[in-house]
Amino acid sequence: MAVETPKRYIGKPVKRKEDLRFITGKGLYVDDIHLPGMHYAAFLRASYAHARIKSIDTSKAEKIPGVVGVFTGEYFRDKVAPLGTAWALTNADLKPVTWPVVAYDKVRFTGDIVAVVVAKDPYIAYDALDAIEVEYEQLPTVVDPEEAVKPGAPQLHDEAPNNIAFTWRFQGGESFEDLERKADFVIRKRLINQRLIPSAMEPRAAVAAYNPGTEELTVWVTSQNPHVHRLIMAGSLGIPEHRIRVIAPDVGGGFGSKIQVYPGEVIVSRLAMDLGVPVKWVETRRENFIGTIHGRDHIDDVEIAATNDGRILGLRVKTLANMGAYLTTAAPGVPTILFGLMLQGPYKIAGVDVEVKGVLTNTTPVDAYRGAGRPEATYILERAMDLVALRLGMDPADVRRVNLLDKAPATTVTGLIYDSGEYKKVFEKALEIAEYKKWREIQEKARKEGRLIGIGISSYIEMCGLAPSRIARATGFGLGLWESVLIRVHPTGKVSVYVGSHPHGQGEETSFAQIVADELGVSIDDVEIVHGDTDETPFGMGTYGSRTTPVGGGALALAARRIKRKARKIAAALLEAREEDIVEGEGKFWVKGSPDKAVTFQDVALAAYTADKLPDDVEPGLEATVFYDPENFVFPYGTHVCIVEIDPETFKPKILRYVAVDDAGVIINPLLAEGQVHGGVVQGLAQALFEEAVFDERGNLLTAGFNDYMIPTALDVPNIESYFEQTPSPHNPLGAKGIGETGTIASTPAVVNAIIDALAHLGVDHIDMPLTPFKIWKALKGKK
Amino acid sequence: MYPPEFKVLVPSSLEEALKLLKEHGDNAKILAGGHSLIPMMRLRLVKPEVVIYLGKVPGLRYIRENGSTIKIGAMTTHGEIESSSLLAEKNPLLQETASKIGDLQVRNMGTIGGSIAHADPAADYPAALTALEATVVLKSLDGEREVKVDEFIQGPYFTDARPDELLVEVRVPSLSGRFGTAYEKLYFRATDFAIVGVAAYVEVDGGAFSRVRVGLTGVGDKPVRARQVEEELVGREASEASIEKAADLASEGLEPPSDVRASSEYRKKMAEVLTKRALTRALSKAKGG
Ligand SMILES: Cc1cc2nc3c(=O)[nH]c(=O)nc-3n(C[C@H](O)[C@H](O)[C@H](O)COP(=O)(O)OP(=O)(O)OC[C@H]3O[C@@H](n4cnc5c(N)ncnc54)[C@H](O)[C@@H]3O)c2cc1C
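These protein sequence lines map, in sequence, to chains A and B. Take the first sequence: its position 543, counted from the start at 1, is 543 in this note's numbering, and no numbers get skipped. Each number in this note's numbering comes from the position in the second sequence (counting from 1) with 784 added on.
Keep in mind the hints are simulated off the structure, nothing from the lab. Glycine included, each C-beta is placed from N, C-alpha and C at the ideal position. It cannot be assumed that every hint is accurate.
[Stated by the list, open to error] So the derived label-pair ranges between C-beta atoms look like this:
{"#": "1", "chain 1": "B", "residue 1": "K806", "chain 2": "A", "residue 2": "E133", "range": "35 to 41 Å"}
{"#": "2", "chain 1": "B", "residue 1": "R826", "chain 2": "A", "residue 2": "K318", "range": "42 to 48 Å"}
{"#": "3", "chain 1": "B", "residue 1": "D810", "chain 2": "A", "residue 2": "K60", "range": "22 to 28 Å"}
{"#": "4", "chain 1": "A", "residue 1": "K318", "chain 2": "B", "residue 2": "G939", "range": "47 to 53 Å"}
{"#": "5", "chain 1": "B", "residue 1": "S958", "chain 2": "A", "residue 2": "K189", "range": "55 to 61 Å"}
{"#": "6", "chain 1": "B", "residue 1": "G839", "chain 2": "A", "residue 2": "I711", "range": "50 to 56 Å"}
{"#": "7", "chain 1": "B", "residue 1": "V792", "chain 2": "A", "residue 2": "D696", "range": "34 to 40 Å"}
Pulled out of the complex, with its shape left as it was, chain B reads as follows (with noise of 0.2 Å):
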């Protein structure tokens, strides 16, 4: 597990940063957490000549309350995002799927910024950043640009932004009113990548649904968002009953890769039996539960 030669670049402003990864594009790597990067490069998978490290880079690292957002910054651990207060309470979906991305040593080191760049098909936060219409702010000389995040990702390990574009921030809504939010993660082994990964977030009113966001991630090449389900069961009473039979519907439409730990259709009921229980889940904590 020897990696090819390559030179560390450690620029120590944005600035410089971007400036670097102009220079170098295609050639270059950034390197936030490394916990995708480097197990990659060790097998020779990708093989860099610049590895550019933003670890020195100030102004990466932080959460916080911009109006009806909440601004995290590209080098922010999943660690952080577990243990942020303002998430807990403006944004408790972000932050209890930070909670179930693998272990401990890789919520230490491991960033959002770096997960949403790497574009693992099974990856945690894209599940919730769908479901809650979550962006990126990407930057570079030119400019800067905020996309979507379900856009962003195009497919496995496979984003828009362009190799002098450096991801810089992510913006998710600050959730207030009878709301409630689930990530259900299934996994065989603990620490794993989700088999499926469901992020759900409901909105009540009047004792119905008045919005209902569903994110999977793990069902195919990006994650996406089961809107069937979404639709049936907005303007429906907000129960178990009606998320019982809605939730059938969030295989719709699916096709789940089969691979050595488990098949299409098996993952497929279980983004049903996840999407069920992530909205029971949510509906009960917008009820106050």
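Looking at chain A on its own, in the form it has when it is part of the complex (with noise of 0.2 Å):
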């Protein structure tokens, strides 16, 4: 028998697949979970954004047909453990807030949920939750982090005085005392980066089962990182961890709102125990909007001691980073470690001094949102560079000239070590494809006629890739961040392949199939990628900050690895040869001058299995388990170039270019990395240009529906040029780097200062995103 000669398929663009499922429609959602007997739960949401409750009145709810029972806080109280935070800021003193599955005593923001109905059927569900009278104290409420955090502001949390859940100090490099003595001016500014929803097209939902037979629990639930889930569910639930099992089955979109555990999947949980009935909870739009977490929304004071050739010598950032109501799973970790520690940059700056207060206000709590910290550290770097230019009047790009470092490895005064890069030179090459100097002349031009062009340009870099459980644990991470895979190779040759990441959209049973593929030397259609079951896959801790390909493909590539060696032993005591004289390619194995009596990976395999002819030393059948700990993380860096125009009457924006080169490492997959590219510069502009999350001052969200939150649509976005420059990272097995949030760490600055590029002339040098029609006609009123 044949084997199907394998081309390469690394850097291939290998169709997804995926498509097959998903554009047919064949999907597998948390919401096509149907079980037999199942009822369904909905939650009341708090009324007010700080209150006390006083009574709660379920009587009417309960004589509703169709319902089963309403359960309040005191229900929940002593069986379920609150949700606390398991990124554990080290010394930041932390405090530790946490969050009551069903509220008890108060609410503390919109989303916090007051009762739970169950029901046979949802209509009647929600039918029942305008029948539950509860009575509020309402309490002063705050939603400002400024305001939070003076004297006499209300109080969210007895073990957060002045509502600051933590301080986390970071200085590196050279004092900026210091720094400031040796710069020529110091510009000050107040930056914002506003507040964001993720708006994953799939909202949040669970489903749960108890077996009381076998006192197992089932729960299906959308999930980013399944195994996370599972233990955290444990602890909170106080079920054995080998006694649940989560399920993550295909999921709708994440951006980083889906890594959290949430009351919504423990209650139906605990629910499904105590009733004897599978529940299923669906999050509708309205709750997503409310009840999921949110991202950025931070408070920058920035100041940037320079020199008048244009050096950036220092960086010192005040940040009060506004993380809502309550502490989830991640959130502590973003605006700090993911934040402070990326402040440097590409850059040569010589000193980072950066002071972050965690806040605690009546929103929506805030968490990881794709790029998590490092968008928002990009975001004070790009602006200072354009600030830095305006000031001494400086072309932008000679501003980053001046500062970029040239190539890695680099140490920076945050303590990280650069990988592989060329920096100026990526520079160089994303300025010369946009045509950055024949777009400056039309921009002199242009604005003789009165029309508005400007050019944006940011430069990034990006620790992504998580890993290395030491550093992850040194920070006060709860786990480490390594992944693991299983690869078996079954007895007709074909592989499955169960990895403890969880891609949801990105194409990982592709990419993942594609290493497999060329590692082993099988066909790609011969090679299964299995995730999201923790009864099935090995434990991982899951799919976000862009780490799946670094850590989970490095894990898959040292276990194909492993697999070969002793396929390759098996391959030498079937051709009855020393192993040192095995030559392998394209899925066979043969003796060295003689490839015509070759035996091919398939006959291997069956070997294994009849185990009849293995080496004395060779155990029956063919899989191997890794768990890949990387010695570092991953640093992708690119230049992304925006031309802008703005209409000088309405003050619409519009893209007539946008330009991305970014180096990733080894691209795996060039039609997923460019559709990565895409999906990223896309939601980054989005920040740039429509979104915000807006609350009134009690504590309401104003932007609760897509009519309000502007997602842009196909309509708002420009053609994206996307190119990739390739140099290998050493610090895995691959090569390759994170493609998954690039595109949103450094779209944002580039639009915005193309924007504000285009109105410099004009007395502008920031305006606070999202840079809408009616912002930047605000900004320009009474300038001339």
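Given two chains presented individually in distinct reference frames, assemble the corresponding complex, making use of the accompanying hints.
Have a look at this one:
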């Protein structure tokens, strides 16, 4: 039997294996789970953002036919432990703020759950919510972090005086005071990184079923990290971890908002156990806006010490990070480790001094949202570059040329070791592709005609592939950050790969199969990737932080290589030769000099199972499990250039050109990588131009639907020209870096810089995002 | 997003629809394209006990010319208006307006009757319909009446229709001679409702404006005509210079809303800008451009 000769897959634009099921509507999401006897839960959310619950009358709701029960905070109080954060930041005076799954004494934001109805169908459940009467004593509300830390502000948690959940300080390199003395000037600017709402297409959902015979709980939940879900839920529910099976089936987007363990999945789990029926909950879109985490939300007071030739010597940043009402799973690490340590960027800055206060307010909790901390850092740096250019009358490109690191490896003042990259080369390449010089000339001419054209640059570097466990643990992260895989070769030579990562739209069922197929020399069609079920897959940390390919993929390559080594031994036995004499290629093994007498990978696989011809030191079977903990992060980087034109009467910006040059190391699948760049750029420009979560002063979310919260449509998005440079990372076996967040990190400041550049000659040096036509008009009012 | 229980009635004739409306009156809601009603029901902002679906009532979906009037059935979709060759020739203002409503799905489902009856203060049609001095025909078991659109729409989501009345037809003029029209819509995000929308309709005679109509949406409780602009221009030289001067009057007396998107002042300013643009484009068309 001849083996189909596989091509090398890595680097090829292989079409997604997932396409068939996703494009034909055959995906399986939590809402598609239907179990016999299943009941439905609906949550009554708080009427006020801050109030004491005086009484809850559920009697009318309970009488509605079809309602099985109504449960309040008192019911859950002793049965379920409240949720805390898993990123227990060290040296930051982190306060033990926890989140009861159902509020019992008071509510702290309008997404707090005050009662749960379980009914035979969801319509009845929602009718019953209307029949619950809650008496509240309203408390004063605070939504603005600057107000929240003032004396006399309303207090959210007894455990966190002055609403400060943590204070994190980092000082690296020369002190800012010294650098200030060496500098020719210091620019002081307040930059606001507004709050965003992740808006995954699939809202959150969970179905729980309990088998009292085996005492096992199965929970289907939309999650980026099913194993982490299981671990945390075991703690909260007080059941042994091995008695819980978490299945995250197809997940319709997460962007960070499905890392967290939320009250919803814990509540339905507990009720499924207590009521003896499966219980389902699917978030409404409105609940998703209010009750699922938000992202960003910084007030950054920035000081930039610079010289007259454009060098930025030092940066001092004081940040108020609005954490919302509670600290969720990864929250404390986002505005600190993932932000502060990135404040040197790809530049030669000699000192970084950053202090972050995590502030609690009566708003939706804030946690990781695509990029998580790194977009906030890049925004500060890239705005700083342009502010220095403006101040000195220098070309913003030249300011970057003065400041850019030439190439990696490089050690930062924040203690990171950049792995690989040609920062200046990629920068020049991006400017050349975007025809930077030509656009400067066009801009000059256009200005004379009263037209407003602007050019924005953004150079970024990203710490991702979130890994080495020892560093993660040193920062207080609750777990290590390795990944694991199990590769199992079946007797027919077909391959099942069980991974701890949990891709949810990124396409790793394809790119992982490419890696395995190339390593083993088999066809990509013979490789299946299994993920998302804790009973099937080895422990994994999940998919976020652009870590799935560098860390999970790294584990995969190592495991495949281990299989290959064993396969060579078996092949040698079959060919009655010495292992050193075995040559392999294209899925076959032969003895040096006799390629015509080859055995195939299938022959070897079968021999591993028939087990009669194995060498003495070789066990039957052909599988390998690898736990891989990389030695360092990976650092993709790049330069994006954006050209905009602003309508001089309506002030509506239009992106004329968008060029992205990214170096994410070895690209496994350019089609998927480009898709990630496109999606990322769109989400980043959405922050620059469209999106903002707005609360009124009483804590009501005014943008609680897609009418008011403007995620851009396809019509609002320019053509994105994406190019890759491929400098392998030495930090993992594939040489790959992450590509999931680069677009989001780079594009926000590229777009903002372009708009400010278009207006600079009118006396505008900054506008806080989103830069809507209204905001631009307002900034120009009274200027000319 | 689960509405409370409601009953759906599906009349198969106009007569039956009117009967059901009379019977259920205040507790009923008409369902046309559903693109405004269904979201409100899902959010439990409206909780009708009875929903009367018009989709199976024959004779409500047409665009036809009748002398100097074009009659449009209430159930005609935005998409049908957008692609009507009759309107393209004889009332391009309505056609252009329809083409700028929402997205393809909205235009395929949403109806002109539903849009007017819903009376969203930022809806697109009302700008054009006000400029065109259009009327709507309301029918009940007691008879029929014709009302001007700017009198029919009384405020945000509030019209002159009685609970037993059905909006059955919209009437717009069939335009001829040296006319030009344009609808300018400002939105921040594609497919959204207008921040401000301005519809202009001009006729030119011997180098001067002989007729000018400007309708605005999104600038207050209901659509308005910019009468100051109209009066300023009629009789003046048909030129961009005249428009430039007159357009600044568009915001006079307006009190547009402020919201999370934009302030009242910005909307006023945009009313002027869009009035200028709409008139300029309309004039260029009237001149054969
Ligand atoms: C995403 C989205 C974007 C949109 N963008 C725009 C936009 O840019 N511009 C714009 O103008 N509109 C926009 N709309 C609104 C859209 O045009 C609606 O379809 C329209 O306003 C209502 O028409 P309908 O046929 O869907 O009415 P329905 O939703 O069925 O009904 C609306 C209301 O009118 C009543 N009604 C309907 N027909 C009649 C009748 N014949 N007689 C009496 N009462 C009646 C109903 O009882 C209900 O109260 C948008 C809607 C959506 C969902």
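Evaluation of the provided hints:
no.: 1; hint: B:K806 <-> A:E133: 35 to 41 Å; result: 37 Å, holds
no.: 2; hint: B:R826 <-> A:K318: 42 to 48 Å; result: 44 Å, holds
no.: 3; hint: B:D810 <-> A:K60: 22 to 28 Å; result: 25 Å, holds
no.: 4; hint: A:K318 <-> B:G939: 47 to 53 Å; result: 48 Å, holds
no.: 5; hint: B:S958 <-> A:K189: 55 to 61 Å; result: 60 Å, holds
no.: 6; hint: B:G839 <-> A:I711: 50 to 56 Å; result: 31 Å, violated
no.: 7; hint: B:V792 <-> A:D696: 34 to 40 Å; result: 37 Å, holds
Hint 6 from the earlier list is the only one contradicted by this structure; the remaining hints agree with it.
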